[in-house]
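Enquirer: Quick note, the sequences are listed as chains A and B, same order. Here the first sequence is numbered in the numbering used here, starting from 2 and rising by one per residue. Here the second sequence is numbered in the numbering used here, starting from 3 and rising by one per residue.
Treat the hints with caution; some may be incorrect.
Stated by the list, open to error - 35 Å max Cα-Cα, derived DSBU-like pairs, lysine-lysine:
{"no.": "1", "chain 1": "B", "residue 1": "Lys234", "chain 2": "A", "residue 2": "Lys116"}
{"no.": "2", "chain 1": "B", "residue 1": "Lys86", "chain 2": "A", "residue 2": "Lys97"}
{"no.": "3", "chain 1": "B", "residue 1": "Lys59", "chain 2": "A", "residue 2": "Lys116"}
{"no.": "4", "chain 1": "A", "residue 1": "Lys85", "chain 2": "B", "residue 2": "Lys91"}
{"no.": "5", "chain 1": "A", "residue 1": "Lys100", "chain 2": "A", "residue 2": "Lys48"}
{"no.": "6", "chain 1": "A", "residue 1": "Lys48", "chain 2": "B", "residue 2": "Lys97"}
{"no.": "7", "chain 1": "A", "residue 1": "Lys57", "chain 2": "B", "residue 2": "Lys239"}
{"no.": "8", "chain 1": "B", "residue 1": "Lys97", "chain 2": "A", "residue 2": "Lys79"}
{"no.": "9", "chain 1": "A", "residue 1": "Lys117", "chain 2": "A", "residue 2": "Lys63"}
Claimed, not checked - To give an idea of the interface, some chain B residues facing chain A are shown, with a C-beta separation under 10 Å as derived from the structure:
{"no.": "10", "residue": "Gln18"}
{"no.": "11", "residue": "Gly84"}
{"no.": "12", "residue": "Pro212"}
{"no.": "13", "residue": "Ser241"}
{"no.": "14", "residue": "Leu242"}
{"no.": "15", "residue": "Leu244"}
{"no.": "16", "residue": "Leu251"}
{"no.": "17", "residue": "Ala267"}
{"no.": "18", "residue": "Thr289"}
{"no.": "19", "residue": "Ile300"}
{"no.": "20", "residue": "Met342"}
If you're looking for bench data, these hints aren't it; they were derived computationally from the structure. If you're wondering where the values come from, they're calculated on a predicted model, not measured in any experiment. From the three backbone atoms N, C-alpha and C, an ideal C-beta is built for every residue, glycine too.
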Amino acid sequence: MKKKDIPQDNEGLSEGKLRDLCYAVDENGNYMTAYSTGWTPKNVAMKMAWDVIEKKVEETRKKVLSGKLSQLAYYMEKNIMNLKLLSQYTGIPKRKIRKHMKPKVFEGLDDENLKKYSQTFDISLEELKDIKRIENT
Amino acid sequence: MNENKEEIRIDFQHYQAAHCENGVTSSLLKHYNINLSEAMVFGIGSGLFFSYMPFLKLNYLPVISFRPLPGMIFRRVSKRIGIKIHSQKFKDHEKSMQVLDETIKKGIPTGCRVGVYHLTYFPRPYRFHFNAHNIIVFGRENDNYLISDPIMETPVTLTYKDLLRVRYARGISAPKGRMYYIEDVPEKYDLSKAIIKGIRQNSKHMLNIPVPLFGVKGIRYMARRMKKWPDKLGEKKASLYLGQVVRMLEEIGTGGAGFRFIYAAFLQEAAKVLNQDWLNEMSRKMTEAGDQWREFAIIAGRIFKGRDSEEESYNAAAEILMDIADREEQIFRKLKKISMK
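Kindly produce the complete structure, drawing on both the sequences and the hints.
Expert: This is how it looks when you write it as structure tokens:
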């Protein structure tokens, strides 16, 4: 890649927090480094990966609001976790988490268990308990 | 827990790098007056690779990588230059922070393996559950740790709580509080020998691993499967597979084209150090291979947007990969024969 060809397709994915360091050759064929603010094929690939996640989150959110699942399922998807990872973070066995996904069981959970979840999801206990919080996201 | 109120700030120079592991290695070495660039570290550490493991899935997508396993580059460079590394993991979370505090208090910049999901200073779209990131801790001001993250343009900070959390990220290759630092550096080292060893091992890994998933064979294997992706997986899933290749190729830290440009930069440096001009030619060829990887990504980008006829495009993308495999095979067949003049 030539220096002048280093892409600058900024589509906001780095939120202005960083630029990629790229290696390219200058006019004399010598390697140097320069910043890139993004590149369309890469941006699209990243957005595709996020679309899959967001779709899954939205599906789960609907299931929660229609009473099929507890909000635990929603926050798990939102944090790009699966049962295994959530179990590792909370120390709660997978089969128990599966039960907690049922709205009835979730409602009866004590604060000790709920705290493990809320800390993992980085939200307050109140936020986790209040299903209304996910109505308008 | 946070009673440690004193301020520690090691006189440490932050350098941005394309990739975290090269970057941490290069920055730590520079701190001890061993001036090796990121590209040099990458080359000596035999960092260029390819693997395609469709039977291993990450978020339902096949595992594709353009580099060796995490930690390998650092380990190889240390061995080849003759540096002594101290590395340890901790079961006890509090203790891992205590030992980190004690270490930086001694003036030793310390590398930490971390997960990026909870890395607060990272842009949100880059935060997946990826656990093989590396940062250097070089100080503490009350509750804030001073961090040199090679991916960032300037030093950053993490609170005690946030640093603890990323050091104990869970999931695949969990860091388990791993920290490491340089214990001893040699007064003299043989750079030429280290370069040659790095190139030879890299050539072997790209050419001679007797499993078709790795090196140039791995590229061809993926290319052959890719032609069947649209039929086998359906349009949607096929483009996600292709997206995975592009992300691994370009997303943060490869310096462009799956490290091919960094390797080309290394070959150029190696040509000077070893005084072997033919390596410049190899560097040019590697740049061309990298340019082809970019061509591949552009075709993939068009497929994502649904602009081209599908079957044709997957074939075209696969054909480019076949061409790349040939190019890289030729390069490494020549590089394999490298020796001191």
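Enquirer: Determine for every hint whether it applies to the structure shown.
Expert: Evaluated hints:
1. Restraint check for Lys234/B and Lys116/A: not satisfied, since their Cα atoms lie roughly 44 Å apart, outside the 35 Å limit.
2. Taken as a hint, the Lys86/B and Lys97/A pair is broken in the structure, with Cα atoms around 46 Å apart against an allowance of 35 Å.
3. Between Lys59/B and Lys116/A, the direct Cα distance comes to roughly 31 Å. Compliance with the 35 Å bound is thereby established for this hinted pair.
4. Between the alpha carbons of Lys85/A and Lys91/B the distance comes to roughly 22 Å, so the proposed pair stays at or under 35 Å and holds.
5. Of the supplied pair hints, the one linking Lys100/A and Lys48/A holds, its CA atoms being roughly 33 Å apart against a limit of 35 Å.
6. Distance restraint check for Lys48/A and Lys97/B: the Cα-Cα separation of roughly 39 Å exceeds the 35 Å cut-off, and the hinted pair is therefore not satisfied.
7. Only pairs whose Cα atoms come within 35 Å are accepted, and Lys57/A paired with Lys239/B is accepted, the gap being roughly 15 Å.
8. Distance hint between Lys97/B and Lys79/A is fulfilled; the C-alpha atoms sit about 31 Å from each other, no more than 35 Å.
9. For the hint pairing Lys117/A with Lys63/A, the CA-to-CA distance comes to about 24 Å; that is within 35 Å, so the pair holds.
10. About 6 Å separates the beta-carbon of Gln18/B from the nearest beta-carbon of chain A, less than 10 Å, and the hint is met.
11. With a cut of 10 Å, the hint placing Gly84/B at the interface with chain A is violated, because the nearest CB-to-CB distance is about 27 Å.
12. Look at Pro212/B: its Cβ only gets to about 31 Å from chain A, farther than 10 Å, so that hint breaks.
13. At its closest, the beta carbon of Ser241/B sits 7 Å from a beta carbon of chain A; the interface hint therefore holds under the 10 Å criterion.
14. Taken as an interface hint, Leu242/B checks out: its beta carbon lies about 6 Å from the nearest beta carbon of chain A, inside 10 Å.
15. The beta carbon of Leu244/B comes within 8 Å of a beta carbon in chain A, closer than 10 Å, and the hint placing it at the interface holds.
16. With a cut of 10 Å, the hint placing Leu251/B at the interface with chain A holds, because the nearest CB-to-CB distance is about 8 Å.
17. For Ala267/B, the interface hint holds, the least distance from its beta-carbon to any beta-carbon of chain A being 4 Å, beneath 10 Å.
18. The restraint placing Thr289/B at the interface with chain A holds, with a minimum CB-CB distance near 6 Å, inside the 10 Å limit.
19. A least Cβ separation of about 6 Å between Ile300/B and chain A falls short of the 10 Å threshold, and the interface hint therefore holds.
20. With a cut of 10 Å, the hint placing Met342/B at the interface with chain A is violated, because the nearest CB-to-CB distance is about 23 Å.
Of the numbered hints stated above, those contradicted by the structure are hints 1, 2, 6, 11, 12 and 20, listed in ascending order.
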